[in-house]
Each structure stands twice: as C-alpha cells, then as structure tokens.
Amino acid sequence: MRYVEPGLVLRFARNQLAALLVILGGMVLLLSLLTSTFLTANNIFNVLRAFSWIAIASFGQSIVIIGGGIDLSAGSNMAFAGIITAMLLLAGYSVVFSILVGLLITLGIGLLNGLMVSKTKLPPFIATLGTMSIVRGFCYGMTQGWPVRNLPRSFMFLGQTDIWRVPLPAIIMIGLAVFCAILLEKTKLGYHVYAVGGNEYAASLVGINTGRVKTIAFTLSGLFAGIGGLLMTARLGVAAPTAAQGYELDIIAAAVIGGISLTGGEGSVWGALIGAAIMQILRNALVLMGFPAYWQPAAIGAVIIGAVMIDMYRKRKV
Amino acid sequence: MKGKQWIVVGLVVLLVWGCVIGVSAAEKKKLTFAWIPKALNNPVFELGRDGAFAKAKELSETTDYIVEVLYVGSVASDAAEQVRVVEDVIARGVDGIGISCNDPDALVDVINKAVDAGIPVMTWDADAPQSKRFTYLGVSNYDGGKAAAELLIRYMGEKGKVALLTGVPGAFNLEERIRGFKDVIKNYPEIEIVTTVACYDDINLGVQVVEETMQAYPDLTGWFFVGLWPLFAERGSMPLWEEAAKSGRVKTVAFDTLPVELEYLKEGLLVGLVGQKYWGWGYDTIQMLFDYVVNKKEFPYWTDSGMDIVTIHNVDAMIEAWEKKDFTKPLPPPFPEE
Numbered sequence: 001m002r003y004v005e006p007g008l009v010l011r012f013a014r015n016q017l018a019a020l021l022v023i024l025g026g027m028v029l030l031l032s033l034l035t036s037t038f039l040t041a042n043n044i045f046n047v048l049r050a051f052s053w054i055a056i057a058s059f060g061q062s063i064v065i066i067g068g069g070i071d072l073s074a075g076s077n078m079a080f081a082g083i084i085t086a087m088l089l090l091a092g093y094s095v096v097f098s099i100l101v102g103l104l105i106t107l108g109i110g111l112l113n114g115l116m117v118s119k120t121k122l123p124p125f126i127a128t129l130g131t132m133s134i135v136r137g138f139c140y141g142m143t144q145g146w147p148v149r150n151l152p153r154s155f156m157f158l159g160q161t162d163i164w165r166v167p168l169p170a171i172i173m174i175g176l177a178v179f180c181a182i183l184l185e186k187t188k189l190g191y192h193v194y195a196v197g198g199n200e201y202a203a204s205l206v207g208i209n210t211g212r213v214k215t216i217a218f219t220l221s222g223l224f225a226g227i228g229g230l231l232m233t234a235r236l237g238v239a240a241p242t243a244a245q246g247y248e249l250d251i252i253a254a255a256v257i258g259g260i261s262l263t264g265g266e267g268s269v270w271g272a273l274i275g276a277a278i279m280q281i282l283r284n285a286l287v288l289m290g291f292p293a294y295w296q297p298a299a300i301g302a303v304i305i306g307a308v309m310i311d312m313y314r315k316r317k318v
Numbered sequence: 319m320k321g322k323q324w325i326v327v328g329l330v331v332l333l334v335w336g337c338v339i340g341v342s343a344a345e346k347k348k349l350t351f352a353w354i355p356k357a358l359n360n361p362v363f364e365l366g367r368d369g370a371f372a373k374a375k376e377l378s379e380t381t382d383y384i385v386e387v388l389y390v391g392s393v394a395s396d397a398a399e400q401v402r403v404v405e406d407v408i409a410r411g412v413d414g415i416g417i418s419c420n421d422p423d424a425l426v427d428v429i430n431k432a433v434d435a436g437i438p439v440m441t442w443d444a445d446a447p448q449s450k451r452f453t454y455l456g457v458s459n460y461d462g463g464k465a466a467a468e469l470l471i472r473y474m475g476e477k478g479k480v481a482l483l484t485g486v487p488g489a490f491n492l493e494e495r496i497r498g499f500k501d502v503i504k505n506y507p508e509i510e511i512v513t514t515v516a517c518y519d520d521i522n523l524g525v526q527v528v529e530e531t532m533q534a535y536p537d538l539t540g541w542f543f544v545g546l547w548p549l550f551a552e553r554g555s556m557p558l559w560e561e562a563a564k565s566g567r568v569k570t571v572a573f574d575t576l577p578v579e580l581e582y583l584k585e586g587l588l589v590g591l592v593g594q595k596y597w598g599w600g601y602d603t604i605q606m607l608f609d610y611v612v613n614k615k616e617f618p619y620w621t622d623s624g625m626d627i628v629t630i631h632n633v634d635a636m637i638e639a640w641e642k643k644d645f646t647k648p649l650p651p652p653f654p655e656e
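Top line first, the protein sequences correspond to chains A and B.
Okay, so the first sequence: first residue is 1 according to the numbering used here, each after it adds one.
Okay, so the second sequence: first residue is 319 according to the numbering used here, each after it adds one.
Same shape as in the complex, but just chain B (with noise of 0.2 Å):
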C-alpha cells in the first residue's frame, strides 16, 4: 500500500528529527529572556529589538547556551498594559526581564513579583529606582539637553534668539533634556529662548508649529527640537525652516540619530544631533541579563549607556552603521581637532 508507506517514512523521518533535537537540547541549555518596550508603536524601540535578538544569536553562537529574546509589550506607551504585559510573561515563565517603564512608579509592584519569583529583572530606558531590579541601563536626559545646548552654541555662536520644539508637555524625559538645555543657556545672557512650541508627538503638527513659529520670530538664529518629529515630514514641507537653515541663518540641534536625521545633517540643514544607543537598550541589556543569570556578574545600581553626539564630522560612520545594522563599532569623535 504506497499510504502505508508514507506513513512509515513519515514516521522514521519524524524519529531522526527528533533524536538531532534531542541530543542538541541535551547538549545546550535554553534562556529566555523577556525585552519589553515601553510602546510596539515607537520606531525606536525596534532598534533595540534589532540589537536584543543581534546579541541573542551572538551568543547562541559562542556561548553553551541557546539565547532567545521574547520581544512583546503594549502597542502604546500605556503603564496599566504595561503591567499587563509584565504578569503575563511572569506567569509564562522566563529566564530574565529587560523592561523599559511607562512609568516610574506603576511598574514597581509588578517588577517586585518577578524579582520575588525568581526572575531577575533591569530597567534600561526608563527606570522605576524604588523596584528591585538589579541595575538600570540609560542616560541621563538632562546631560544629554545639556549637550544639545553646547552643540547649539558652538555653530550659533553666543547670542542669539532660539525656540524649543517639544512632544507632549510634561513628558519626564522630554522635560528633563528642556531643563538640561536652559541650564546652559542661562549662562549666556545675550541667548534669549523666545518660545516653547508642542506638537504632542504628532508629525503633521510639528511641521504646522515650526512653520508658524518661522513667522512669529523671523529673526530667530536657533532651534533645539527635543525630538525628531517634524523631520519624518519630507523635503518642502517646512519651506520657511528649510530656506533658514540653508542659508545658514538658522542653526538647529535636535535628539536623536535617526537616519531621517542624518540626511539632513549631511546636507547642512541640522548642526548637531544628540542621541542615546538605541540599538544598545537591546545588545546590551541581553549581554547584561546573560552576564549576570549565566556569571553571576555585580552591576551597579545605574549603568552609563552613554550618548551619541553626532556632527559632519562623524555622520558618515553613523550612517554605515545603520545601513549595517551593526553599532558594535564606537563613533569616531564629533570634533577631531581637539
């Protein structure tokens, strides 16, 4: 009967297949580690995803252990199913939790219950410091306005009037880097910030309030966009900003390091970007979690990532690397000639 025979090859196959698995996961010990962004919808975080499952397959490679990443979160940045999301990767069973917090304090709790029940838990991103996880990855925003503000400087000179584009008010992070650049702007009398415009994170509104504020303040010499979001807008849709910062009349800094960013610093239009590792809330936070589950490694309670300064001087190297995926390489210096 040719069915029959089937069968019997099917099943023989199946036993071979099932013996290769069998010695291999006898061999290799598997590690689950959860990644959980703050939101699936911010474009950011998918970079990290991008490093966590690049350092997950790195050391499946090199290591006794086979890695592998749970990416999962709320669609958007929502502490409630965030916490969700936390209790159910809790009750899932994992090796090790990297979360970034909607909110400092909403996720205590829950980090707490992980740690409780035996699994090791770091913040990168966004902490929540009153938990029990064992080390937080991240920068500090207010350095990172406060380089924003140094870069600014250094191309607008020391006067000046400048205007501030943020995402929604009251946003920590956001504000942080805002009083990071005051600070140093405070310093420079003849610096005068002129105003503060919000586009609630919303592309189409950016481009609106930089337009207008074009026109408010035709004298202005400076801009500090604490995110990138106009600048997802193409070419000709900021005509007045595009025309000033051509001709040099208008110097801008903005965070981030994007590569919608990077065009535009290449061609003159931005001075300066000032960026966290994106790609490294997930390389590193892997390599974290595995270094201390797998070599019981110490980690201080706050962990650098550092920042990314980006100039016409390094953006080449910027740019390769995210056409590489691969940031593993370090930036070569934003000024070389000191």
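Looking at chain A on its own, in the form it has when it is part of the complex (with noise of 0.2 Å):
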C-alpha cells in the first residue's frame, strides 16, 4: 500500500472550521445578494456587536462542553453579573470596583457549579439546571422585578464604544477567544480538558486531576457569562432582571453548531465563535428579509439541525 496524500478539496473538507467558514461565507453571500441592506458596514457591525455577548459566554460553555459537561446557568449568569454591577454603580461604587465584584460573584458561582459536579458527584446538568433557578431567583429578588437603570456613561461606554467604527465588545471579544484558543490548545490544563471530556476514566488513570479541571471549567464558564452579561447591560444601559432568559439555549446552540461535541473531548473557540455568528446572522437575515415573525421560531431551528447534520454528515464521509 502506498500513502497517498489527500487532495486539497478533502484536507479542506476535513478541516471542520473550514467547512464552518464556507457555510458562514454562504450566508453572507446569498443574504447580500438578496437584501441591499445587509453589507453594509453599519449592519454588520450591528451584527457583531449583537452576537458578542452570546459568543463571549458561549467560550466559556465550549470549554465546559469540551470537558464533558454543560452548562445551563449561563444565561442567569449574565443577567446576575449585570444586576450585582449595576446596583454597586447606583450604590455610587467606581466602575472598576463594581465590575470586579460583579465578575467574582459569577466566577463565585461558576465555581460552585464545578465543585458540585466534581466533589458531590452531581450530573452537571442537574447542578447547573439548579443554580439556573437559584441565581435568576436573586435576580428577580434584589430587584423587586425592576429594571435597574440611569447607570453612568462611564459604564455604557463598554458596550456603546466603536473603535475605528469596530463595536468594542466585538474587540473583546476576539481577544477573549485567542485567549481561550491559546488556553485549550497551547496549555497543559487544556489538554486535559480534552481528556477529561474524551475519556473520563483513562484521564484519571493517567494521573489528571479530573475533578480539578472540571471545576477550572465551570469557573471559567462562570466568568465568562459575567463578561457577555456585563457587557449586553452595557451596551442596553440597562439590568433587567428577565435578561438574558433562555439565552443558554442559544449559547449551547453557538457552541454545538460550532462543532463542539455534546459528548466532551471535541471543537474548538473559534467554531463556537463562528457558530455564533452563523445564528446572530440568521436572525439578523430574517428580519431584513421580511420574514414573518410567527414564523421565525421554525427557521432558527431549522438550521440548527441542518447545520449540525451538515458537520456530522462531513465527518462521517472523510
């Protein structure tokens, strides 16, 4: 037998951010040929803006993901994160200060839900399915059900900032995603999270602290669902404590159709990154088409699964 090399077009066919890219890049294609208004500089940074805060949090969640877990308190994350700052800033606290806090109570949190995962040994599905209902609970309790508003411009500067007409949290954005690409890919600990989510048993064998990692993981996921939520408060100028519900669905959605396995141990930031995109555009597409909005529930979820069953189709051929 001799080893021949595989042409171009299956190299390109297996690489999956590739294939990703390529039903990214069709989208864009079809869409500005059929509307007049989606190419426009304006829209898409709309659209990048818009889709920030979901892929931000979605980071988090692929490396949860990646190592064998899920996590459903995401959106309450971002709410929460939002509502803790926000009030600090009416408490007349510094911008600086109020975000930290905000950002260690989700990590706080996130940290919580690794440690019940790793040391009581609860699914995470349960675990974080609870926290899910404990922390929108705090939110709708410090707030009475109110809105918490009129925070200062310093604040909504975070997310109402263009740099060279570039959203600010789109900047963050990739800068958090080249960190965790470089966390995943270059590090010891991620390695391990790859193990831990491939292989569960085999990881400890080998001496990883499985435990350890999990709880890395959802501490981190925590973090950075504080980030996409302060972030979204910024740029709304507004903490309401209904925000961000049902946001982990589209979260776990950017992540899966991202690539990233639900059965741990595969993907990548950047197919989370581009899975994101692929959803925040589609919405996007279907109000500058036109298209009814009774009718756009069944669209999202249309390419969900057309997206995924594409990916899986690939993998099975090559």
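Worth flagging that the hints you see were computed from the coordinates, not collected in a lab.
Remember, it's a predicted structure, so these values are computed and weren't measured experimentally.
Each residue gets a CB set at the ideal place from its N, CA and C atoms; glycine is no exception.
Mixed in with the good hints, there may be bad ones.
What the hints assert, rightly or not - Chain B stretches covered by chain A per the calculated footprint, using a threshold of three residues with CB under 8 Å from any CB of chain A:
{"hint": "1", "segment": "509 to 523"}
{"hint": "2", "segment": "542 to 556"}
{"hint": "3", "segment": "561 to 572"}
Join these two chains into a complex; the hints should help.
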C-alpha cells in the first residue's frame, strides 16, 4: 500500500473550521445578493456587537462541554453579573470596583457549579439547572422585578463605544477567543480538558486530577458568562432581572453548531465563535428580509439542525 | 435578684401590650384580601401592588375594618403554578381574592372552588369569563390598539409605512392590541404595515430588531411598540431609531405609560402612549372587594377600568403621579384644544 497524500478538497473538507467558514460565507453571499441592507458597514458592526456577548459566554460553555459537562446557568449568570454591577454603580461605587465584584460573583457561581459536579458528583445538567433557577431567583429578589436603570455613562462606554467603527464588545470577544484558544490548545490544562471530556476514566488513570479540571472549566464558564452579561448591560444601559432568559440555549447551540460535540472531548472556541455568528446572522437576515415574526422560531430551529447535520455528515464521509 | 426583676417587668409589659392589642382588635374587624398578579417578575404588577396597599391603608384608616392585602403569585407567568397559589390561598382562608389570570380557562376550576368555599373572587387585567367570579375589572386591549392607531395617524398623517414590534407572538393581550390597530389602519389605504417583528419580551432582542428594521426599511414613517421592551434600554442603544425619531421622520406610539416611556415622550422621541391603569388594578380591586364583602354592592359582569392616553400635553401630570405614587387624580385630556 502506498500512502496517498490527501487532495486539497479532501483536506479542506476534513478541516471543521474551514467547513463552518464555508457555511458562514455562503450565508453572507446569499444575503448580500438578496438584500441591499445586509452588507453595509452599519449592519455588519451591528451584527458583530449583537452576537458578541452570546459568543463570549459560549467560549466558557465550550470549555465545559469539551470537558464533558454542560452549563445551563449561563443565561442567569449573564443577567446576575449585570444586576450586581448595576446596583453597585447606583450605590456610588466606582466602575472598576463594580465590574470586578460582578465578575467575581459569577466566577464564584461557576466555582460552585464546578465543586458540585466534581465533589458531590451531581450530574452537570442537574447541578447547573439548579443554579440557573437559584441565580434567576436572586435576580428577581434583589430587584423586586424592576429593571435597574440610570447607569453612569462611564460604564455604558464599554458597550457603546466603537474603535475605528468596530464595536468594543466585538474587540473584547476576539481577544477572549484568542485567550481561550491558547488556553485549550497550548497549555497542559487545555490538553487535560480534552482528555477528561474524551474519556474521564482513562484521564484519571494517567494521573489527571479530573475534579480539578472540571472545577476550573465551570469556573471559567461562570466568569465568561459574567463578562458577556456585563457587556450586554453596558450596551443597553439597563440591567433587567428577565435579561438573557433562555440565552443558555443560544449559547449551547452556538457551541454545537460550531462543531463542539455534546459528548465532550472535541471542538474549538473558534467553532463556537462561528456558530454564534451563524445564529445571529440568521436572526438578522430574517428581519432584514421581512420574514414573518411568527415563523422565525421554526426557521432558526431548522438551521440549527441543518448545520449540525452537515457537520456530522462531513465527519462520517471523510 | 436582678434577673427575676427583669422577667417580671417583661411580663407586665407583655400583659399591657396584650390588653391594648385585644382592645383594638375587639373594636376593628380584620379583613384579608389576596391580590394575585400573573407573575411576580413583571414591574407593572408592582405598581398595582402599591395601589392595593395604598387602598388597604386608606380603608383601615377611614372605616371600622383593618384591611390587609396578601400579595402572592407565581414568579413567572405560569397558569399551573398560579392554580397552586390560589389553592394555597383558599387553604389559608381569606375574605376575598382579586386575580389576574394567566389563562382564561385554566383558572376556572380553582376560582369556582374558592367561591364555593365562600370566598368571593373578582378578576382584574386578565379575566376567566367562564368562572363564578363576581366581576372583571379590565380594559379592552382591542380598543387600546385602536386608540394607538388613531394617535399615530394624528401625528404621522394618513399615509406612510408602519412597523409593529410585539413581544411573544400569540400572547392574547398583544394580539388583541394588534388586531385593533390593524382594524383602524385598514381604513387608510395609503398607510402600509411593512413588517411585524417580535422580541420575545427581551430588551436586548427588542433593541436589535428595532435597529434591524430601521435598516431594512429606511423610508419607515411610523412605529407601534405593542409593549415597551426596547424603551427600557438607555439612550444610545438604538441610534438609528433615535436619530429618525428626533428628526421627526419616524413617529412612534407605544403601549404602557411607565416612567421610562414618559421620559422618551417628553423628549419628543415618542408621540403618544396608551396605557392601562396599573395602579388601579390594585387600588380599585381592593375597593371593589371591600364594597362587595362589606357593603354588599352589586357589580356588572364587566367593569371598564378605562385607558390612559398620554401625549406631550398631559405628560407632566403623569410624571407627577408616578413621582408621588398617587394616581387618584384624573389625567388632563391628551388633546386640550378639542
């Protein structure tokens, strides 16, 4: 048998990210042909900003899913970070202090998730389903149902500033994506995350402290959801107790569309980034094309299934 | 012994206190009314609750009764959960129930159960018409939608392109408002409803779809926000809409009359508001329950609570009412010249 160098097309098809980029590129091309409004700088930057917080939260989610878990508390954490920070700001604390406390608290919630999963052996689905509800309850309880408004300009700056027309949240998103990619691909911890998600038993046999790896993954997920939530709050200038309700599903869908396997051990944050972009461009497109609002959920569901099926088919084929 | 002395003093104080309580309790009869909103997570219900407490205080001070309000409900809008809450209230025992039903049918059984147990029930905001409740205090959302369309036409003129923003598609009250709105617009062939977008009651999504619609339809002349969702967001979050509204190119009419919307209206970004009397949901409901229980007053099957129409002409009075948390004064007319 002679070793055959795989052809360019095949090598390209094998590369998951490349395949995702083709889907994304196809959507962009189609939309710029169908509408005159899609491919305008204004709209592109709007889309970038709109999906940045979902994407950031999905980076943390990706680390958890690659490590074999799932984090359902992401949406609640997004809302909670915003509420804590907003309340501190209104109480007169400085922007930096308020943000740090907000992030520290969601980091703590992530840590709690991680400890429940690693120490008490609760299934991640159940542990984070519980914290999802607890944290949401805190959101309602602390605000008595009212959105927290009148935040200082110096805080809203974070969500509303553009640097050379690129929205600041989008720049932060790219920075965090690079950080996560390095963490997952270039560090021992990242290697351990893949190992634990791929086969936890085997990982523990080779001496990996699986509990510690999981705890770190969940802690990061809490932190990233908090960052996403803060950027969203800064953009809107309001922290609502109902904010980001149901976003955990968008966050998980972004990761899965991006090729991160729900069974763990596989995928990259770049996939999650593209997955989040695909979801947002789809939403944007439906509005730009005047697609009836009543039918939109059906279209979004169909695209989620379609995108994942294409990816699975590609994997089996090559 | 010092310790014993204190115990004696304590007992005496308790005894005197007990007598005072006993005397006042003998003079005044206590009435407890349960006031149950659709959900505890919606700010407009908080205002109704404040109204209910205000009326209870007023009645306790001016009548021979001590009126207490029991404010209970499910955290989120959920009919099954609300049924459970009503069952708990029946088990606890109250003198009357005022409820905003999450579902017109799902609550019928438990309301009848309460009435059969001797607890009078009335509905407010959202009715259960098939039940044995003695009256319903509410507005016709259909008429509200019609009023919104008339407001918009008054400011925008009889031609143009209009977009609608709704919350959760299929929510009965929102659909009724849209139906009323469209029935008026139908009579103006030169007004076109170009699109209806939904934000699923989410502020973030609301901001996004409004901006996207502004891009998709640059020649838009009117908006009907069927609820206030994107208006909760701060200035700067909807630059395209803000710019168009400020320049007067786009006229926007919205439902509800919350302080955030009043600010927008005062700045001229909104031209008109149509709102329910949230405060009255509590304030009037407690009065009606009291009248029914104590004064044996009869009520019609349906009690119209009326609608507040706010424009630049009466926005100041509305702002003042919110600041004082007192909505007892009637609002000045929205168009004084008529």
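Here is what the structure says about each hint:
no., hint, verdict
1, 509 to 523, "holds (count 10)"
2, 542 to 556, "holds (count 6)"
3, 561 to 572, "violated (count 0)"
Of the numbered hints stated above, the single one contradicted by the structure is hint 3.
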